[in-house]
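4 protein chains.
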Amino acid sequence: MLESLKHQVYKASLRLVEQGLVIFTWGNVSAIDRESGLVVIKPSGISYDEMIPADMVVVDIDGKVIEGELKPSSDTETHLILYRSFPEIGAIVHSHSEYATAWAQAGLGIPPLGITHANYFNGEIPCTPPVEQKPEDANPELATGSVIVETFNKMNLDPLRIPGVLVYGHGPFCWGEDVIRAFDHTVVLETVARMAHHTLALKNVSPVEKQFLDRHFFD
Amino acid sequence: MLESLKHQVYKASLRLVEQGLVIFTWGNVSAIDRESGLVVIKPSGISYDEMIPADMVVVDIDGKVIEGELKPSSDTETHLILYRSFPEIGAIVHSHSEYATAWAQAGLGIPPLGITHANYFNGEIPCTPPVEQKPEDANPELATGSVIVETFNKMNLDPLRIPGVLVYGHGPFCWGEDVIRAFDHTVVLETVARMAHHTLALKNVSPVEKQFLDRHFFD
Amino acid sequence: MLESLKHQVYKASLRLVEQGLVIFTWGNVSAIDRESGLVVIKPSGISYDEMIPADMVVVDIDGKVIEGELKPSSDTETHLILYRSFPEIGAIVHSHSEYATAWAQAGLGIPPLGITHANYFNGEIPCTPPVEQKPEDANPELATGSVIVETFNKMNLDPLRIPGVLVYGHGPFCWGEDVIRAFDHTVVLETVARMAHHTLALKNVSPVEKQFLDRHFFD
Amino acid sequence: MLESLKHQVYKASLRLVEQGLVIFTWGNVSAIDRESGLVVIKPSGISYDEMIPADMVVVDIDGKVIEGELKPSSDTETHLILYRSFPEIGAIVHSHSEYATAWAQAGLGIPPLGITHANYFNGEIPCTPPVEQKPEDANPELATGSVIVETFNKMNLDPLRIPGVLVYGHGPFCWGEDVIRAFDHTVVLETVARMAHHTLALKNVSPVEKQFLDRHFFD
Chain A
1 MLESLKHQVY KASLRLVEQG LVIFTWGNVS AIDRESGLVV IKPSGISYDE
51 MIPADMVVVD IDGKVIEGEL KPSSDTETHL ILYRSFPEIG AIVHSHSEYA
101 TAWAQAGLGI PPLGITHANY FNGEIPCTPP VEQKPEDANP ELATGSVIVE
151 TFNKMNLDPL RIPGVLVYGH GPFCWGEDVI RAFDHTVVLE TVARMAHHTL
201 ALKNVSPVEK QFLDRHFFD
Chain B
1 MLESLKHQVY KASLRLVEQG LVIFTWGNVS AIDRESGLVV IKPSGISYDE
51 MIPADMVVVD IDGKVIEGEL KPSSDTETHL ILYRSFPEIG AIVHSHSEYA
101 TAWAQAGLGI PPLGITHANY FNGEIPCTPP VEQKPEDANP ELATGSVIVE
151 TFNKMNLDPL RIPGVLVYGH GPFCWGEDVI RAFDHTVVLE TVARMAHHTL
201 ALKNVSPVEK QFLDRHFFD
Chain C
1 MLESLKHQVY KASLRLVEQG LVIFTWGNVS AIDRESGLVV IKPSGISYDE
51 MIPADMVVVD IDGKVIEGEL KPSSDTETHL ILYRSFPEIG AIVHSHSEYA
101 TAWAQAGLGI PPLGITHANY FNGEIPCTPP VEQKPEDANP ELATGSVIVE
151 TFNKMNLDPL RIPGVLVYGH GPFCWGEDVI RAFDHTVVLE TVARMAHHTL
201 ALKNVSPVEK QFLDRHFFD
Chain D
1 MLESLKHQVY KASLRLVEQG LVIFTWGNVS AIDRESGLVV IKPSGISYDE
51 MIPADMVVVD IDGKVIEGEL KPSSDTETHL ILYRSFPEIG AIVHSHSEYA
101 TAWAQAGLGI PPLGITHANY FNGEIPCTPP VEQKPEDANP ELATGSVIVE
151 TFNKMNLDPL RIPGVLVYGH GPFCWGEDVI RAFDHTVVLE TVARMAHHTL
201 ALKNVSPVEK QFLDRHFFD
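Chains as they are written, first to last, in my numbering: chain A, 1 to 219; chain B, 1 to 219; chain C, 1 to 219; chain D, 1 to 219.
These are calculated hints, taken from the structure and not from any lab test.
Treat the hints with care, since some could be wrong.
Same chains, same label: a pair holds when it works inside one copy or across any pair of copies.
Said to hold, decoys possible - Each computed DSS-like pair below joins lysine-lysine, with the alpha-carbon atoms no more than 30 Å apart:
| id | residue 1 | residue 2 |
| --- | --- | --- |
| 1 | LYS71 | LYS210 |
| 2 | LYS210 | LYS154 |
| 3 | LYS203 | LYS64 |
| 4 | LYS11 | LYS64 |
| 5 | LYS210 | LYS64 |
| 6 | LYS203 | LYS11 |
| 7 | LYS210 | LYS11 |
| 8 | LYS203 | LYS71 |
Taking the hints into account, I'd like the entire structure generated from these sequences.
This is how it looks when you write it as structure tokens:
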């Protein structure tokens, strides 16, 4: 069932560690088959050395496990809200990469400071407000997904033009039309997080203008 | 004698260098067998290329060598005080990792700024006050161990909730129920030290709240 | 046709990724055969895993494709303006390396702070003003090339003494008499960008003097 | 002639690149045979891929080439002054490592901020004043060596207690009783340069006290 998606999700999960975007089993990857509405997601808590493609878990859009022996990732609910709210996206990658997490911990969006950013993100990469959670919430991950969607709605952002977000005090979630693109956005987000950090250490700078952003994004 | 612990201590010592947490033969690892009260610890001053698991030294809880040709690590006394004072812990890892050491040299604890921290440390990772040493002290390592224990007592900290500390002007000591966990805490401490450093460079931030800490630690 | 240049351009393109100066297919390399006036340049949008030396594109000095199945790099026009304006140079390398890009995003030239810089660049590595682009411009890359040449003309700089530049909000372009030297200047520019960044974090410093620069450049 | 020293100097030269302390052929290594007064030094301008141990050049204490086809390193004169002035030292390593060079470019000595520093350097690692050079000086390297020796004399420093120095606007020279120790001091100097840089970014800190320094140096 969904063997190709399982393989892609599996490979991207390993690449998260190989490319230094997470350590241990932090982070997670999923992809959706829009025809059937089924989502393939990394299982929870299994070491990457032991994990095989067949361990990827299949859930339906409401989170019910359809196939798989292992528990789906603890961030599954966040992924599902994003798939329900952003119908254009086909895959999601969550990491704890070093500089992106620093921006998330500072509660600051990453301003667009140059072409590297503008080629992939058509404006600031926003940071959500703190995730508020009421003690009676059964599932804390609901709150994370909701705050992302609210942030995009309030700022009137197109998830394919701004294919990623920082969750306050947590780290980045990126997405795209497929796993390759969601993963690339994760790598670019960490890269521009580093570059913007180093830029601000040199000088107070202003973000580039809308015209510059559009020229390089739509190129 | 204690072959499995020796193997674990040996492997973790090599991993300290492989993962860039120390250079040369800096740092050390130990584990305790709580039944017999015996401690296995890395020997002192031997190059990691030549070291084999059988070189690990066995000492009793008072530091008397029970087995082993080589001298136990020069930090042995610090490890022993921690085992005597924190009966819940089973292993200790000491490193000189780059950013953790920078925080220790600044004399500052690492504030909890996000989930990465909160998943492993249920609050600030404290920094001890300077280690005071009287010229007549026979063993300077006694002072290091004592200042850690005093810090935890004064701040009323649970060593399993805050499984690590920064020793002022020195570097981090981490621990856990076993060698794997003590090592993981060492890796996480360096990771959050880097992230917190980059975060503070972006903005003056406030630590996250108790409720946030508890939610992610006990998850 | 121009097999040796193709091989050099191909190899330098791969080295950009291997040495961490770009990710994905960012960046590009070209070389000119001054006798025939033909330019060999990296093709656009092809993955480095699939690329072979024969994929390098040959264009004439006005950008007309002379040989090659693939589209030449999207930065081709920038390279051609530089070859037309700086007759002494034989090769160009464009990267998005991390610290050089940070300086470019800050809109600041890299001041000469020591021998490492002075051995390769006989003064500040300038940053261009923002690239102004009129909506009616058919080819945005023309503007990038022109702003580099104008910067060098206004500052009366010799392109062999200052073999590189930062394009505002974009990143570095370096050049040299041949591919090896253009590549070396790219590596050195990133190195001095890092060192100057760390230096400024320690102290407000003054650039070194003209005599110092000349002594080390002409050595 | 001096085959063992040649091998050691050769190996340490390669390790400079392998460990990221220099790029290209920057940096150099030498060792002295105190009995004969002969010095083995890396040749100048040869690529490390082609270099073999037999390429190491033997010079006498006044710089006359005794054996070797290639030109001795351009820093030879600096090495020789140090051997003449510091009779206790047996080897010298010069690098352009990133953070050490940043401190040298800032014109600042590296303050002793913790045990990592104190175990190897018994106080601040000094930075020389700018190297003044008169236009009529035949050999600019003379000036570099002299300014190091003057710095140590004026500050009344013991070269075995402070086995390294930063040359203003240039980078570090380290030494020791043999090649292994001179190389280790080079690695430690870069490590403490990084740690001290990160420490100062967190807080204005005071160097550790003399008693602390002595305790850890003489341990």
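Evaluated hints:
no.: 1; hint: LYS71 - LYS210; verdict: between (44 Å within a copy, 28 Å between copies)
no.: 2; hint: LYS210 - LYS154; verdict: both (19 Å within a copy, 29 Å between copies)
no.: 3; hint: LYS203 - LYS64; verdict: neither (50 Å within a copy, 41 Å between copies)
no.: 4; hint: LYS11 - LYS64; verdict: within (24 Å within a copy, 41 Å between copies)
no.: 5; hint: LYS210 - LYS64; verdict: neither (42 Å within a copy, 32 Å between copies)
no.: 6; hint: LYS203 - LYS11; verdict: neither (39 Å within a copy, 36 Å between copies)
no.: 7; hint: LYS210 - LYS11; verdict: neither (36 Å within a copy, 37 Å between copies)
no.: 8; hint: LYS203 - LYS71; verdict: neither (47 Å within a copy, 38 Å between copies)
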